[in-house]
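As you go down the protein sequences, you meet chains A and B in turn. For the first sequence, position 153 matches number 153 in the numbering used here, and the numbering has no gaps at all. For the second sequence, position 97 matches number 346 in the numbering used here, and the numbering has no gaps at all.
Keep in mind the hints are simulated off the structure, nothing from the lab. Using N, Cα and C, we set each Cβ at its ideal position, and we do this for glycine too. Be careful, since some hints might not be right.
Residues from chain A that face chain B, not an exhaustive set, calculated with beta carbons under 10 angstroms [stated by the list, open to error]:
{"hint": "1", "residue": "Trp43"}
{"hint": "2", "residue": "Gln74"}
{"hint": "3", "residue": "Tyr75"}
{"hint": "4", "residue": "Asp110"}
{"hint": "5", "residue": "Asn115"}
{"hint": "6", "residue": "Leu116"}
{"hint": "7", "residue": "Val140"}
{"hint": "8", "residue": "Asn243"}
So these bits of chain B aren't anywhere near chain A, every CB distance computed over 12 angstroms [claimed, not checked]:
{"hint": "9", "residue": "Pro344"}
{"hint": "10", "residue": "Ala383"}
{"hint": "11", "residue": "Gly406"}
{"hint": "12", "residue": "Ala423"}
{"hint": "13", "residue": "Cys424"}
{"hint": "14", "residue": "Ala426"}
{"hint": "15", "residue": "Val459"}
Below, a list of computed lysine-lysine pairs in the DSBU-like style, where the Cα atoms sit at most 30 angstroms apart [claimed, not checked]:
{"hint": "16", "chain 1": "A", "residue 1": "Lys53", "chain 2": "B", "residue 2": "Lys302"}
{"hint": "17", "chain 1": "A", "residue 1": "Lys53", "chain 2": "B", "residue 2": "Lys371"}
{"hint": "18", "chain 1": "B", "residue 1": "Lys302", "chain 2": "B", "residue 2": "Lys382"}
{"hint": "19", "chain 1": "B", "residue 1": "Lys382", "chain 2": "B", "residue 2": "Lys371"}
{"hint": "20", "chain 1": "B", "residue 1": "Lys302", "chain 2": "A", "residue 2": "Lys155"}
Spelled out from the first residue to the last, the chains are:
Number of protein chains: 2
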Amino acid sequence: MVPLGLRRLMLLLVTLLVLDKAAIGAPWPFWPPGGDPGGCLSWRVMVEANNAKYWRAVPAPCVGYVWAYMGWGQYGRDVGTAADEIAAYAASQAPAGEDGMDAWVMDVDDTCLSNLPYYQAKQFGPYDPAAFKAWASRGVCPGIPAMVGLFRTLKAGEFRVFLLTGRDEEALGACTAANLAAAGFAGYDRLIMRSAAYRGQSSVAFKSAVRRRLAEEEGYRIRGNVGDQWSDFAGDRVFKVPNPMYFVP
Amino acid sequence: MVPLGLRRLMLLLVTLLVLDKAAIGAPWPFWPPGGDPGGCLSWRVMVEANNAKYWRAVPAPCVGYVWAYMGWGQYGRDVGTAADEIAAYAASQAPAGEDGMDAWVMDVDDTCLSNLPYYQAKQFGPYDPAAFKAWASRGVCPGIPAMVGLFRTLKAGEFRVFLLTGRDEEALGACTAANLAAAGFAGYDRLIMRSAAYRGQSSVAFKSAVRRRLAEEEGYRIRGNVGDQWSDFAGDRVFKVPNPMYFVP
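Bound-form chain A, shown alone:
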């Protein structure tokens, strides 16, 4: 394996160079030697900031990167940090009334339940409705630990929690409910799935319609909304440029 040995040597030299620079500051940073091969770091920031839209699969050069991100700990740390942020916000915004109408909405797939084993097996390939349905029917999605904790925190904080998913109600209703129960999501107020009337509609359209109904017809005050897709929230056409230097309210 001479190429690997060579690559190791080069990376080692670059590592030492970077460490010399890093010695001026924290034990940071660690960008990959040679910049950002495949543009995977940039691509992931675009995904999370809602700039990358309508992508169909992880770009081929980034499959290894996403595998490592999801499986080696950084995803778990990121989702844990998100749960902490959300719990802190919820704690600062206690229910406005004693009427039990303060509610949070949580998405299901890859918010409460993880589909990582399925996507790993598919090598993060494009959406495959039949295969995904077969996977979801098994009801074995692991709960995402940080989100199980957040769910319990919200319930303990006297909020209603509605689980809202684009999964088809008729085909996947029973297995989804069983999967949620097995994964630690007990005591949610309602599991709202895509009924026949919404089949074929985009996630944005379906979820926006449900939230409107909850708020306007049923009178709930939706205090927060947790999801892994920007379509869980709204459909605004906005573009966010990176800036980790300051926050403008």
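Keeping the supplied structure of chain A fixed, place chain B upon it in accordance with the hints.
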């Protein structure tokens, strides 16, 4: 410098371990040895995904990380990727009419013009109104190259481009206009700054009011909005969990 030598040695060993693992995939990934010291990777994802809210300064353990991110190339790559995404979207959405009423809105600070030299000098400390005003008055903010290019692309695409900034009109109007011109932003349709009536209002309130006026009173169709702060867009209370595996429309 024995500690540095020791640290180098440990990092080298971890690097070789990581390379053994990485050999199964791409030349990726490179998370820092020991996980995510200071939680800086998680923190930056939270910033870009609009989960971290109301922070006042870069967390102390992350100052070195932000310095390196901003100064060593990854920020430039990320903002370039954002510009490419935006230009591709704008090209797919040609002006709807021949009436010259299709418009884009661009923020100024750290979208068109960079304040990086100022924040580096302040070690990314908290907002300091007097010092920032003194810096802005000098009119020497560099243009952000990818955004100069995007601005020209939008203008060439027959869009109106409104530059919208929370900077105070009376104090900073002349120097901001001169700075924009010097940085390559020539031919924008209007520079809209914070007038006395909006002093003390949040950026969300001010910018939303201006966009409403442009759309409802003046009849512009706002086709896109580019900024570095989520307050450039709206004030929705949403929380995004990371997911680089798939995109749901």
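Verification of the hints:
Interface restraint check: tryptophan 43/A against chain B, minimum CB-CB distance 7 angstroms, threshold 10 angstroms, status holds. Nearest Cβ of chain B to the Cβ of glutamine 74/A: about 6 angstroms, under the 10 angstroms cut. The hint holds. Here the hint on tyrosine 75/A is kept, as its CB sits about 6 angstroms from the closest CB of chain B, short of 10 angstroms. Taking 10 angstroms as the C-beta cut-off, the interface hint given for aspartate 110/A holds, the closest approach to chain B being about 5 angstroms.
Hint on asparagine 115/A holds. Least Cβ distance to chain B is approximately 8 angstroms, under the 10 angstroms limit. A least Cβ separation of about 7 angstroms between leucine 116/A and chain B falls short of the 10 angstroms threshold, and the interface hint therefore holds. Annotation: interface hint on valine 140/A violated; nearest CB of chain B at approximately 17 angstroms, more than 10 angstroms. Look at asparagine 243/A: its Cβ gets to within about 4 angstroms of chain B, closer than 10 angstroms, so that hint holds up.
The Cβ of proline 344/B sits about 15 angstroms from the closest Cβ of chain A, beyond the 12 angstroms cut-off, so the non-interface label holds. Its beta-carbon lying about 17 angstroms from the closest one in chain A, alanine 383/B satisfies the requirement of being farther than 12 angstroms from that chain. The non-interface label for glycine 406/B is consistent with chain A: the shortest C-beta to C-beta separation is roughly 15 angstroms, beyond 12 angstroms. With a least CB separation of 23 angstroms from chain A, alanine 423/B remains clear of the 12 angstroms interface cut-off, as annotated.
Its beta-carbon lying about 20 angstroms from the closest one in chain A, cysteine 424/B satisfies the requirement of being farther than 12 angstroms from that chain. With a minimum CB-CB distance of about 21 angstroms to chain A, alanine 426/B clears the 12 angstroms threshold, and the non-interface call stands. Once the 12 angstroms rule is applied to beta carbons, valine 459/B is consistent with being away from chain A; the minimum gap is 15 angstroms. Restraint check for lysine 53/A and lysine 302/B: satisfied, since their Cα atoms lie roughly 24 angstroms apart, inside the 30 angstroms limit.
A threshold of 30 angstroms between alpha carbons decides the hint, and for lysine 53/A with lysine 371/B the separation of about 35 angstroms lies outside it, so the pair is violated. Simply put, lysine 302/B and lysine 382/B have alpha-carbon atoms about 24 angstroms apart, close enough for the 30 angstroms limit, and the pair holds. The straight-line distance between the Cα atoms of lysine 382/B and lysine 371/B is roughly 13 angstroms, inside the 30 angstroms bound, and the hint therefore holds. A threshold of 30 angstroms between alpha carbons decides the hint, and for lysine 302/B with lysine 155/A the separation of about 23 angstroms falls inside it, so the pair holds.
Checked against the numbered hints given earlier, this structure breaks hints 7 and 17; the rest are met.
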